[in-house]
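Here the protein sequences line up with chains A and B, keeping their order. So for the first sequence, my numbering puts the first residue at 1; every next one is plus one. So for the second sequence, my numbering puts the first residue at 1; every next one is plus one.
These are computed hints drawn from the structure, not numbers from a lab. Mixed in with the good hints there might be a few duds.
[To be verified] Capping the alpha-carbon separation at 20 Å, the derived lysine to aspartate or glutamate pairs in DMTMM-like fashion look like this:
id	chain 1	residue 1	chain 2	residue 2
1	B	K58	B	E255
2	B	K279	A	D51
3	A	K170	A	E91
4	B	K210	B	E289
5	B	K151	A	E173
6	B	K279	B	E289
[What the hints assert, rightly or not] The following residues of chain B were derived to be distant from chain A, with all beta-carbon distances above 10 Å:
id	residue
7	R29
8	G136
9	A291
For each residue, glycine too, the CB sits at the ideal point set by N, CA and C.
The residues making up each chain are set out below.
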Amino acid sequence: MSAAVLRPPAVLPGFAPALGLTLVYLCLIVLIPLAAVFAKTAGMGWQAFVDAVAAPRVVASYQLSFGSALLAAAINAAFGLLVAWVLTRYEFPGRRIADALVDLPFALPTAVAGIALAAVYAPQGWLGRWFDAAGIKVAYTPLGVLVALTFIGLPFVVRTVQPVLQELEKDVEEAAANLGAGRLQIFLRVIFPQLAPALLTGFALAFARAVGEYGSVIFIAGNMPMVSEITPLIIITKLEQYDYAGATAVAVVMLLASFALLLAINALQAWQARRGGRAPARAGH
Amino acid sequence: MNSTLTLETAGPLLPAAPRPARAESPWPRRALIAAALAFLTLFLFVPLAAVFHEALRKGYFAYLAALSDADALAAIKLSLIAAAVAVPANLVFGVAAAWAIARFEFRGKSLLITLIDLPFSVSPVIAGLIYVLLFGAQGWFGAWLAEHDIKILFALPGILLATLFVTFPFVARELIPLMQAQGGEEEQAARVLGAGGWQMFFRVTLPNIKWGLLYGVILCNARALGEFGAVSVVSGHIRGLTNTLPLHVEILYNEYNFAAAFACASLLALLALLTLALKSWVEWRASREAAVTA
Numbered sequence: 001m002s003a004a005v006l007r008p009p010a011v012l013p014g015f016a017p018a019l020g021l022t023l024v025y026l027c028l029i030v031l032i033p034l035a036a037v038f039a040k041t042a043g044m045g046w047q048a049f050v051d052a053v054a055a056p057r058v059v060a061s062y063q064l065s066f067g068s069a070l071l072a073a074a075i076n077a078a079f080g081l082l083v084a085w086v087l088t089r090y091e092f093p094g095r096r097i098a099d100a101l102v103d104l105p106f107a108l109p110t111a112v113a114g115i116a117l118a119a120v121y122a123p124q125g126w127l128g129r130w131f132d133a134a135g136i137k138v139a140y141t142p143l144g145v146l147v148a149l150t151f152i153g154l155p156f157v158v159r160t161v162q163p164v165l166q167e168l169e170k171d172v173e174e175a176a177a178n179l180g181a182g183r184l185q186i187f188l189r190v191i192f193p194q195l196a197p198a199l200l201t202g203f204a205l206a207f208a209r210a211v212g213e214y215g216s217v218i219f220i221a222g223n224m225p226m227v228s229e230i231t232p233l234i235i236i237t238k239l240e241q242y243d244y245a246g247a248t249a250v251a252v253v254m255l256l257a258s259f260a261l262l263l264a265i266n267a268l269q270a271w272q273a274r275r276g277g278r279a280p281a282r283a284g285h
Numbered sequence: 001m002n003s004t005l006t007l008e009t010a011g012p013l014l015p016a017a018p019r020p021a022r023a024e025s026p027w028p029r030r031a032l033i034a035a036a037l038a039f040l041t042l043f044l045f046v047p048l049a050a051v052f053h054e055a056l057r058k059g060y061f062a063y064l065a066a067l068s069d070a071d072a073l074a075a076i077k078l079s080l081i082a083a084a085v086a087v088p089a090n091l092v093f094g095v096a097a098a099w100a101i102a103r104f105e106f107r108g109k110s111l112l113i114t115l116i117d118l119p120f121s122v123s124p125v126i127a128g129l130i131y132v133l134l135f136g137a138q139g140w141f142g143a144w145l146a147e148h149d150i151k152i153l154f155a156l157p158g159i160l161l162a163t164l165f166v167t168f169p170f171v172a173r174e175l176i177p178l179m180q181a182q183g184g185e186e187e188q189a190a191r192v193l194g195a196g197g198w199q200m201f202f203r204v205t206l207p208n209i210k211w212g213l214l215y216g217v218i219l220c221n222a223r224a225l226g227e228f229g230a231v232s233v234v235s236g237h238i239r240g241l242t243n244t245l246p247l248h249v250e251i252l253y254n255e256y257n258f259a260a261a262f263a264c265a266s267l268l269a270l271l272a273l274l275t276l277a278l279k280s281w282v283e284w285r286a287s288r289e290a291a292v293t294a
C-alpha cells in the first residue's frame, strides 16, 4: 500500500489513452482550426494586413468594443461586489431566487438576451421610456452596447467574489470591531484586501467575455458604422462580402487580445489561489 | 448557508448577542439590499419578464401557432441534434482530459489546461470563422470537398463543429479541479484490491465525480442549444434546413414578426430557467452529500 502511494502512476491505468484522446480532440476541434486563422493572415502580406486592421471604420469598432467592454466590466466589478456581498451576508425574501438568477446570462441564449434587452430599452420599452423621458436614448446607441455587455458579464464578478466572501474569517472582522474599527473601516482595511484578487479576476473574465460578444449586442446596438458597430460584427460583414482575408485579419487582432487576456487571467487566478491557500493557515492561529 | 439563515431570522428576537456589529442601525443593510436588487432588476428581471410578456402579447393562440410552425419545429429539431452530438462528445473528452490531468504528472500540463479553456476566450464569431477558413469555397479543404460533393459549411456538419468548439471546455473544466481536490487514493485502493480499469472507473471514479459531471453537462447542454454567434457564421440561414432555434428567433425578429420571435425566444428562456433550477438542485445535492461524508 505504501509503495502504491509512493508511485501512483504505476497503479492507475489509462494515462496514455486518456491523454491521447484529449490531445487528438483538442487538435482537431480547437488548435488546427485556430491555426488556419494565422496561416491565412500570413499569406496576405503586411501592407494588406495593416490596411485591413487599421481602416477607420475598424479602428472605431475597436474603440467601441474594447471601451464599452472595459466600462461594462467596471460596472460589473462595482455592482457584482455589491450583489455578492448582499447575497452572502444578508437574509431577505427571495434571496435564493435572486442568487440562482444571477447565472441567467450564462444560461440564456445570447440572441434571446439581445431581443429582450432591445425590447426593454427601446424608446417605447418598459425601461426605455423612462430614459427617453429624461432625454437619454439607450437602445440603438453605444449606450445600448454598454447595457448588453453589462448583462453578459454580470455573473463573472459575483461568482468569483462570492466563494471568497463565504470563506472569510468572521473572527478577524469581529476582532477589528472590538478594537474599535467602524464598519467602513473594517470593509476597506480587513475585507477588501482579501477580496481584491477575486474581484480583479472577475473583472478580467467579464472584460474578456464582453470584448468578443456578438449575439446580445447586435439587436440593441443599431449597428451604425463608426458609431455603434462592434468588432465581431465587422468580421461578419466582411465575411458576407466574401472579404475572407479582411475578416481574418481583424480576427487575428481580436485573437491576440484574447490570448493576452487569457494569460493575464491565468496569472490572476494563480495569485488568487496563493492568497486563498494562506487563509486556512491563518485559521490555525 | 443554513446557519446564517437561522441566525438572521432570529435576529430581531436576539439582538446584539451573536454578532455585535449587526446590532447597529438596519438602514445601511436595507440600502445595500435595495441597491443590489435594483441593479438585478434593471439588467436581469425586467428583460426576462419582457420575453414572456412580448411572447404572449398576441394571445395564446398566436403563441402556439408560432411554436408549431414547420420552420420553428425544424429549428427546434436541429438545435436538439446539435446538443445530442456536442454533449456526449464533450462529456467523453472532459472525463478523459480530467483523468489524464488530475491523476498523472506530465510536462506541459498547465499549458494543456490553458488550451482547454481557450474556446471560452475566443469570440463566437471567430469560432465560426475558423471553420469557414477550413471548409469554405476558398478554404484549405474547400476544393477537395467540392470535388467529392461533401457539404460541411452551410450544412449540419458545420453547425455541429461550431457547437463542439464553443461547448468544448464545459465538462473538462468542472471535472479537473474536482478530481484534483479528491486525489487518487480511493482509485489506487480499488486497483490494489484487484479491480480492473473500467471496474475502478464505474465503481469508484464515476460515483465520486457524478455531481460535477452533471453540472458540466447541464451547462454544456444549455450552451449547445443556445449558441448563436458561431452557428450564425457557419449555418447559411437556410430556413427549415440549417436554422437552429436561436437563428430562427433572429430571422423572425428581423422580419418584424416580433410576437413569433419572442414566442420562440420564450421557449429558450424556459430552457434557461430549467437549466438554472437543475444547476441549483445539483449544487444542493452535492453540498448535502459533502456534508454527510464530512
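Are there hints from earlier that the structure breaks, and if so, what are their numbers?
2, 5, 7, 8
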